[in-house]
Amino acid sequence: MRVLAIMVTFAALSVRGPAEQPASALVKSAQDQFVSDIHAQKGMTCVACHAGSDKSSAPGAYSIRRGQIPALCGSCHSDAGRMKQFNPSVRTDQLTQYKTSVHGVKFGHGDTRVAVCTDCHSTHSIRPASDPHSSIHPLNVATTCKQCHSDAAYMKPYAIATDQFSGYADSVHYKALVESGDLGAPTCTTCHGSHGAAPPGVAAVANVCASCHVLQGKFFEESPHKQAFRKLELPSCVTCHEGHRIHHPDDNFVGTGKSAICATCHIGSEPAGQMADGAHKNFRHLEAEIVSARSLLDRAARAGMDVTDADMELAQANDALAKARVSLHSAQPGRVAADLEAGAKIVANARTAGNAALRERDNRRKAIVLPVMALAGLFATAGLYIRSLERKQY
Amino acid sequence: MSGSEIVRQWIDERVDLREMFAPLMEKTVPRHRFSHWYLLGGVTLFLFGVQVCTGLLLLLYYRPSMNEAYESVQFISNRVAFGWLVRSVHAWSANLMIFMAFAHMFSVAFLRAYRKPRELTWISGMVLLFLCLGFGFSGYLLPWNTLSFFATKVGTEVPGRMPLIGRAILLLMRGGEDVGGATLARFFSLHVVVLPAVTAGMILLHLLLVQKFGMSVPPSVEKEGPRFGNNVKFFPNYFLRDVMTWSAALMVLLVLAAVSPVELGKKADPFGSAPAGIKPEWYFLSQFQTLRLLPATIVHMDGEVIGAIAFGLVGALWIALPLLEGRLGRNGARWARIAVLGGLIYLASTTLYAYFTT
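As you go down the protein sequences, you meet chains Z and C in turn.
First residue of the first sequence? That's 0 in numbering that gives the first Met the number 0, and the numbers climb one at a time after it.
First residue of the second sequence? That's 0 in numbering that gives the first Met the number 0, and the numbers climb one at a time after it.
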């Protein structure tokens, strides 16, 4: 604490911040932020980083230059022995990874404009990724990357696109992560890596996507598209699904219709186009059949009939349809047809169960007609008897 | 001599049937423009009988445990011959019985049939109405589906918030901290043993009192004075009218059971979250809505606790209605009529409000 007090005093007397803010205010602000910093929570103080270079009271003696940051952070975070004190399973390869990233490589060549540790993790309010307030919490990663990558002026020297965030914000992945709160949904670092961040090469795209979309990746590997894309030097998945603006797959993607992606390369009259059109038609047909069977079962359930088994079975028809859509990545009509056939069989069973339940409902209704008529007869007879009786009595 | 006459004679020689049924044969019932309201008590009793008969049939298959309750009801509804009918009739007749009990209570209150010497008949009738509500509350949990589970959870929380005795009541009702197997076992024994036994005794007392004092004639009819033919014989005249209402009630029950069978829903998951828009059965909606309308705290006290205490007080005052009317002297009848009308409007409006807004 004494060291901290000295620092504050020195800073207040001699240093001026970049925005003409008194140094005392800067230090106060840093102190305020540092309270919630994970380093402060682990018992560290300012001097852990701001040890000072020459122990003098000269202006800026305790400041850390941007060029020093990766090495300074790495001095602890690459030291497995030291890091084990805080978390025995924590990674210590961040600096090594960073050096392989586009950021790290450029930094190594003397470009200090590229991201260093503090750009993503913040300076004095570093929090673990599990903390929702952290700049690297899954929900905040894209916003953190966006700070530089959506800044056209800042990115101009690097001649790369700056529309990644706007594309990602319109994607199915963003919707799953931010709107549905699925923290397992991908954000920038999921595909690009975090400390070793780099754009995947043309040949590596499929591997990146396949880390989650395993079956799609496997089927694509077995498809004729793989060789064709390689010849044309087209990136695998993103050729059809786009890079950042990945929309939820739709059956209209398939076929040679207006909004079909297949139509980019195929026409309806060629065999591949015909296969795509057939798949589109069959997907739509099975989907409509599932909806119709579901409505039948719902009707039976509302009538008090037990259709639990058929209902559970019908859920598997949706699985079969999803499987058929995935199988399409193999571009093998037989594989798609087998999945569709399995789905159609389940739908047929559900329909049979639904119709049987509705027949049973009708039988139940018919079964009470006679008792109700008998009771109506009893009601009328009693009424007539009372009338005749009381006519005689009174 | 026919076979039935031989049997009748055999019994008659031993127990004297004529003497045994003499009170019924001699009993008369007043006949006036309001006399059809008398039928509501009989139809409530008939629906209780339906409850007993269908309940006994359900007992043949029902299993009161967390792991088997839902499955056994599912089995009854789908595998047992006419099980669906028995279960649906049981559920619908429970609702109709409570509705008829309320209708009977309000008809008695509006016609001021609780006047001296019938105060005890009114009190025993009110106890029977509360017993009906107890049947509804305890029976609702038995299928062990999501709705019944959470409705019971909420329903047992309200008395649990009462000061001093709340926690003891909650533990007594639930058989533990949470709604679980112990709660189901307690509710089952309450539903099929305790409540039926108490209700049977109370019905007997109520009928004896009705028999002793006869049907009350409304004051407005009394003022008109005795007229020729203003009484009819209970048997067969009034009894046949009862038969007509009972057969109509049974027809309604059968049609409701076949056209709108009671759904079973999904099995209760004690670790799952409560479904959105959960609400109790219609006969508890008024209390439910009242608790929703009350602020969270009233004079530094929990709003729900105040509400629960208020329900108890209003219930006690309602039971004491004949005594209070007598205490208020000449204006008693007017105030009682206003209270009954106010009570009916409040019950109906809060029930409808909760039904359409939850």
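Some hints could be false.
As the list claims (entries may be wrong) - Computed spacing ranges between beta-carbons, pair by pair:
#1 Val6/C x Ala366/Z: 48 to 58 Å
#2 Leu351/C x Ala366/Z: 27 to 37 Å
#3 Gly382/Z x Arg32/C: 11 to 21 Å
#4 Thr356/C x Cys75/Z: 54 to 64 Å
#5 Gln32/Z x Ile277/C: 43 to 53 Å
#6 Arg62/C x Ala314/Z: 37 to 47 Å
#7 Ala366/Z x Leu203/C: 27 to 37 Å
#8 Gly382/Z x Val258/C: 53 to 63 Å
#9 Ala273/C x Gly267/Z: 44 to 54 Å
#10 Glu70/C x Asp162/Z: 48 to 58 Å
#11 Asn86/Z x Ile277/C: 16 to 26 Å
#12 Lys344/Z x Leu351/C: 26 to 36 Å
#13 Met311/Z x Ser188/C: 56 to 66 Å
#14 Ile277/C x Asn317/Z: 44 to 54 Å
These aren't lab readings, by the way, just hints derived from the structure by calculation.
For each residue, glycine too, the CB sits at the ideal point set by N, CA and C.
Practice item. Determine whether the Cβ-Cβ distance between Thr356/C and Cys75/Z falls within the hinted range of 54 to 64 Å. Key: holds, 59 Å
Exercise for review: Go ahead and decide if the range 44 to 54 Å is satisfied by the Cβ distance of Ala273/C to Gly267/Z.
Suggested key: holds, 53 Å
Practice item. Mind checking the hinted window 27 to 37 Å against the Cβ distance between Ala366/Z and Leu203/C? Key: Holds, at about 36 Å.
Check your understanding: Regarding Gln32/Z and Ile277/C, is the given constraint of 43 to 53 Å on their beta-carbon distance met?
Key -> Hint holds: Cβ distance 45 Å, inside 43 to 53 Å.
Review point. Taking the beta carbons of Glu70/C and Asp162/Z, is their distance inside 48 to 58 Å?
Key: holds, 57 Å
Check your understanding: Cβ-Cβ distance between Val6/C and Ala366/Z: within 48 to 58 Å?
Key -> violated, 34 Å
Practice item. Hint says 44 to 54 Å; check whether the CB-CB distance for Ile277/C and Asn317/Z agrees. Key: violated, 28 Å
Review point. Should the hint that Gly382/Z and Val258/C are 53 to 63 Å apart at their CB atoms be regarded as holding?
Key: violated, 25 Å
Practice item. Note whether the CB distance of Met311/Z and Ser188/C lies within 56 to 66 Å or breaks it. Key: The hinted range 56 to 66 Å is violated for Met311/Z and Ser188/C, with Cβ atoms some 34 Å apart.
Review point. Is the distance from the Cβ of Arg62/C to the Cβ of Ala314/Z consistent with 37 to 47 Å?
Key: Cβ of Arg62/C to Cβ of Ala314/Z: about 28 Å, so the range 37 to 47 Å is violated.
Exercise for review: Using the Cβ atoms, figure out if Asn86/Z sits within 16 to 26 Å of Ile277/C.
Suggested key: Hint violated: Cβ distance 43 Å, outside 16 to 26 Å.
Practice item. Determine whether the Cβ-Cβ distance between Leu351/C and Ala366/Z falls within the hinted range of 27 to 37 Å. Key: holds, 34 Å
In summary, the numbered hints that this structure violates are 1, 6, 8, 11, 12, 13 and 14.
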